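A.B. asks: The chain contents come next:
Protein chains: 2
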Amino acid sequence: MKIGWIGTGVMGFSMAGHLIDGGHDIYVFNRTKEKAEGLLARGAIWCDSPFDVAFSTDILFTIIGLPSDVEEVYFGEKGILSSRPACSIVVDMTTTRPGLSRAISRKAVELGLESLDAPVSGGDIGARDASLAIMVGGKESVFNEVVPIFRLMGKNIFYMGGPGAGQHTKMCNQILVAGTMIGVCESLIYAAGLGLDREAVIEVIGKGAASSWSINNLGPRIVRGEYDTGFFVEHFIKDMGIALEEASAAGVSLPGLALVQQLYVAVKAQGHGRSGTQALYLALKALSEKS
Amino acid sequence: MKIGWIGTGVMGFSMAGHLIDGGHDIYVFNRTKEKAEGLLARGAIWCDSPFDVAFSTDILFTIIGLPSDVEEVYFGEKGILSSRPACSIVVDMTTTRPGLSRAISRKAVELGLESLDAPVSGGDIGARDASLAIMVGGKESVFNEVVPIFRLMGKNIFYMGGPGAGQHTKMCNQILVAGTMIGVCESLIYAAGLGLDREAVIEVIGKGAASSWSINNLGPRIVRGEYDTGFFVEHFIKDMGIALEEASAAGVSLPGLALVQQLYVAVKAQGHGRSGTQALYLALKALSEKS
Chain A
452 MKIGWIGTGV
462 MGFSMAGHLI
472 DGGHDIYVFN
482 RTKEKAEGLL
492 ARGAIWCDSP
502 FDVAFSTDIL
512 FTIIGLPSDV
522 EEVYFGEKGI
532 LSSRPACSIV
542 VDMTTTRPGL
552 SRAISRKAVE
562 LGLESLDAPV
572 SGGDIGARDA
582 SLAIMVGGKE
592 SVFNEVVPIF
602 RLMGKNIFYM
612 GGPGAGQHTK
622 MCNQILVAGT
632 MIGVCESLIY
642 AAGLGLDREA
652 VIEVIGKGAA
662 SSWSINNLGP
672 RIVRGEYDTG
682 FFVEHFIKDM
692 GIALEEASAA
702 GVSLPGLALV
712 QQLYVAVKAQ
722 GHGRSGTQAL
732 YLALKALSEK
742 S
Chain B
452 MKIGWIGTGV
462 MGFSMAGHLI
472 DGGHDIYVFN
482 RTKEKAEGLL
492 ARGAIWCDSP
502 FDVAFSTDIL
512 FTIIGLPSDV
522 EEVYFGEKGI
532 LSSRPACSIV
542 VDMTTTRPGL
552 SRAISRKAVE
562 LGLESLDAPV
572 SGGDIGARDA
582 SLAIMVGGKE
592 SVFNEVVPIF
602 RLMGKNIFYM
612 GGPGAGQHTK
622 MCNQILVAGT
632 MIGVCESLIY
642 AAGLGLDREA
652 VIEVIGKGAA
662 SSWSINNLGP
672 RIVRGEYDTG
682 FFVEHFIKDM
692 GIALEEASAA
702 GVSLPGLALV
712 QQLYVAVKAQ
722 GHGRSGTQAL
732 YLALKALSEK
742 S
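Heads up: the sequence lines are chains A and B, in that order.
One point on numbering: in our numbering, the residue at position 111 of the first sequence is 562, and numbering is uninterrupted.
One point on numbering: in our numbering, the residue at position 214 of the second sequence is 665, and numbering is uninterrupted.
Watch out, some of these pointers could steer you wrong.
Copies of the same chain are indistinguishable here, so a pair counts whether it falls within one copy or spans any two.
As the list claims (entries may be wrong) - No more than 30 angstroms apart at the CA atoms, straight line, and that leaves these computed lysine-lysine pairs for DSSO-like:
#, residue 1, residue 2
1, Lys736, Lys689
2, Lys590, Lys658
3, Lys719, Lys558
4, Lys736, Lys484
5, Lys529, Lys741
6, Lys658, Lys606
7, Lys453, Lys719
8, Lys741, Lys590
9, Lys590, Lys484
No wet-lab data here; the hints were simulated from the structure.
Since this is a predicted model, take the numbers as computed values, not measurements.
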């Protein structure tokens, strides 16, 4: 199948690679062409604009940065939906505003094609190992059609409801991560402040009713002072911002998320926008240090 | 060995039972004698006061309610340490103030005996299955002496440091649970408010980087509206209060824990002091409902 791919960053590069391995013809566009070179070397075909991709393929995937980038790629000049493309399905795998997913869906229908929102979780490792969780919104019949391609990129693939439902599910994931992370970081800052061996603490509390992926995987990074790798703080702030906006619009109060998001704003202000989410520990540390 | 046991509530009753199964002679006291009957029927010997227990045994365990109860049992009239007892080691397994554990330790030393603080996690199920995590503070040599008895009650047994270190470790556990629970409940209240199937959401987000014991075990209870069982809200409020006090005294700021504790105060005010901790969902629900 002729598959379009827009966005060859850390996630998209690995994901598109799996489609090449799956025997598909890949047509690719990225704002920075250099980041697509590795795919071109493996036979992917370069296109000069998002619309060119849409015009050359049967189905098209996007995974890019901010909601504003998604808007540009879909609705801008030479955007995917700037006029009627050749492809019959567009799938946005970016974590973005559910309202934007619905806008893409409406415009797609207008032009006679179908769309899905399909954000992922699992990070760079999940992208590389093709073990991503993929949360999908849109028409179920379209979902069923695309599932074989999703299977090349992910393991846990879920249909969650109409347009935007994939994004809302990703927001649930991020809200859960936010709470867990404040628990992880406050627990370890308490341990440090009260003179406990933090490695031993993680070993104890990481097993029972307090256990989580975060305490067992990010806790040890905090103990070792490793803040460079992981999901970027600035991306997490964006996601939490979307969740707070959506929740507010729906009349849902999320006091915990609001607090955590503000603490992450502090983490970014301290110069850690491109650190991993475990850098929340540093903001809490700064709170309790003499200045 | 002649072992004393004070406190035959949900936890203590099961734990003392394992010691009987282990072939030990158990001397028991509880404020409400009826709750000890099942142990007496299995051969445990009743004592009329905490001091009587201490006077009849080689080593003594306590697991009771509030810090004030612990104070009464150790320091009150006919308390364990009201004069020199026969036993050579006292072990408090209650989750209590680390300062109280240190006070017990000082008084014990004064009277020529040893003490450990050894709070547990794992709940009623862990107590029943003898699979508790046990976090121990005190002298390491004393810990090593008591380990064979701990092994009858728990699986993950950890020496954490001097007097109070067991309690501090339990506080780390509770701080981590508090954060995780706000994440779980806000995630599911968002899912409900935005029209997602919460069961499906748990299935998706319960597997990857957002996964935790809480989302996978308490999340489904929330979906089913089951708030009756689990760790009592009022006990959790007590524990979080201790952690906040200790942290404050050590100059450690825990904004997330403070918020969660206050939300749990609301849960209790709503009449759910004896519900499970997943009842936090109800306070968040009340926040977003028309009144």
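A.B. asks: Against this structure, judge whether each hint is valid.
C.D. replies: Tested hints:
1. Lys736 to Lys689: Both ways: Lys736 and Lys689 sit 23 angstroms apart in one copy and 25 angstroms across, limit 30 angstroms.
2. Lys590 to Lys658: between (40 angstroms within a copy, 24 angstroms between copies)
3. Lys719 to Lys558: The answer is neither: 35 angstroms in one copy and 49 angstroms across copies each exceed 30 angstroms.
4. Lys736 to Lys484: Answer is neither: 40 angstroms inside a copy and 48 angstroms across each miss the 30 angstroms cutoff.
5. Lys529 to Lys741: So Lys529 and Lys741 fail the 30 angstroms test inside a copy (54 angstroms) and across (46 angstroms) alike.
6. Lys658 to Lys606: Both: 25 angstroms inside a chain and 11 angstroms across chains, each within 30 angstroms.
7. Lys453 to Lys719: neither (41 angstroms within a copy, 59 angstroms between copies)
8. Lys741 to Lys590: neither (55 angstroms within a copy, 33 angstroms between copies)
9. Lys590 to Lys484: Result: close neither inside a copy nor across copies, 33 angstroms intra and 63 angstroms inter.
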